[in-house]
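Using the sequences and the hints, build the whole thing.
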Amino acid sequence: MQNSTDVRWSLVTGAALAWRCWDGEYVIHHALSNDTHRLTELAGRALLALQRTGALDLDSLARECGEACEELGETLAALAELDLIARC
Amino acid sequence: MTLGSLPAPDLVRRLATGLSLQVGPFRYLVTSRLSPVASGLAKMYADFPLDEAGGFHDYHIQVDRVAGLRRWVRPQISFWWDGHEPFKPMAADHAYALLEWGMNWCVSAQAHHYLLLHAAVLEHRGRCVILPGEPGAGKSTLTAALMLSGWRLLSDELTVIDRDDGLIQPLARPVSLKNRSIDLIRAFDPQAVFGETAHDTHKGTVSHVKPTPESVAGMTIKGQPAHIIFPRWQRDAATRLSARPKADAFMHLANHAFNYSLLGRLGFELCAALVDRCDCWDFGYSRLDEALRSFEGLVA
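Residue numbers (this note's numbering), protein chains in the order written: chain A, 2 to 89; chain B, 555 to 854.
FYI, nobody ran anything at the bench for these hints, they're computed from the structure. Just so it is clear, the structure is predicted and the values come from calculations on it, not from any experiment. C-beta atoms are modelled at their ideal positions from N, C-alpha and C, and glycine is treated no differently. One or more hints might be untrue.
[As the list claims (entries may be wrong)] Taking CB as the label site, the calculated pair distances span:
1. A:Asn35 <-> B:Glu688: 55 to 63 Å
2. B:Ala792 <-> A:Leu83: 33 to 41 Å
3. B:Lys732 <-> A:Arg39: 25 to 33 Å
4. B:Gly818 <-> A:Asp58: 27 to 35 Å
5. B:Asp618 <-> A:Asp36: 37 to 45 Å
Below you can see the structure in the form of structure tokens.
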């Protein structure tokens, strides 16, 4: 079984993000795909933390975001589905 | 000298070889031999300055009869842009409506040096309200009523955002009304000047309302965005203004823009800057008089 520190996450290569946060909701523009996403506050904070730090494991990212690992894990899976982040 | 002061035979003569029409930042060269086009332009664009500068035009357009058998059997007309026909021919009595649709198309399909949103814009006391809206939401009805109540019309269909300063470029062309909105606005303001009514178009019955002289006179003055309001007309609904989440307003504007994706990151930044500076609202209404009071309150 994988430990939460075994897997590190990072933004998909070349995914420069432009963003806004209004009233706790994020809108993100992903330069690589030219897609725009409306995201929860946690998803937005996680993305920006990865943009800031490069790559983080789940525990470190949870600390950056001030959130429990379980909830963050689901959010990261959703962001990976959108091709915004990937395991590295 | 204005287009309305041009004697009818002169207008017809100019239209046969190309009539210059300056609409906001765009110059059209309009050619037509159809009398409904000439009379429609004379009536709807009467307050526009006569453009005799010559030189460059952004759009060379033409509305005329289709050649061949169609000249005699159920005549049809078509719209040409630089010699291309972007639409299928239509019934001859839709000529003026087709000209207006074609003029919209020129900007929405090609003016990508602006961010182009599908929304009406009006201004009062130096503050613009932007009205996006699904078909049937009452956007054009509200637009016509506001304009006829003294608001400056910037556009009834296309919000043109300048990429350099985020301000709104006016395009004060006639307001297109459909179906029951036509009678509603006739009753609202019996002095309003209407063009010919086109029946059985793909949008139903269509007629245009002439822009007010104040709107035409302000055509070179860019507007300051202040509110984004999503109107929704519902029979017997109470007038209600409620805050709309900005992220939601952003996504709607982006999804209904003509060229948001095409502009890439710039489209995002322009749209986000617009939402940053505006308050965003949902607006339900059924009575125009109450709707106008609500709008007055927003820009007071």
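Taking the hints in turn, this is what the structure says about them:
no. : hint                             : verdict
1   : A:Asn35 <-> B:Glu688: 55 to 63 Å : 25 Å, violated
2   : B:Ala792 <-> A:Leu83: 33 to 41 Å : 40 Å, holds
3   : B:Lys732 <-> A:Arg39: 25 to 33 Å : 31 Å, holds
4   : B:Gly818 <-> A:Asp58: 27 to 35 Å : 32 Å, holds
5   : B:Asp618 <-> A:Asp36: 37 to 45 Å : 43 Å, holds
Going through the hint list in order, the structure does not satisfy hint 1, though it satisfies all others.
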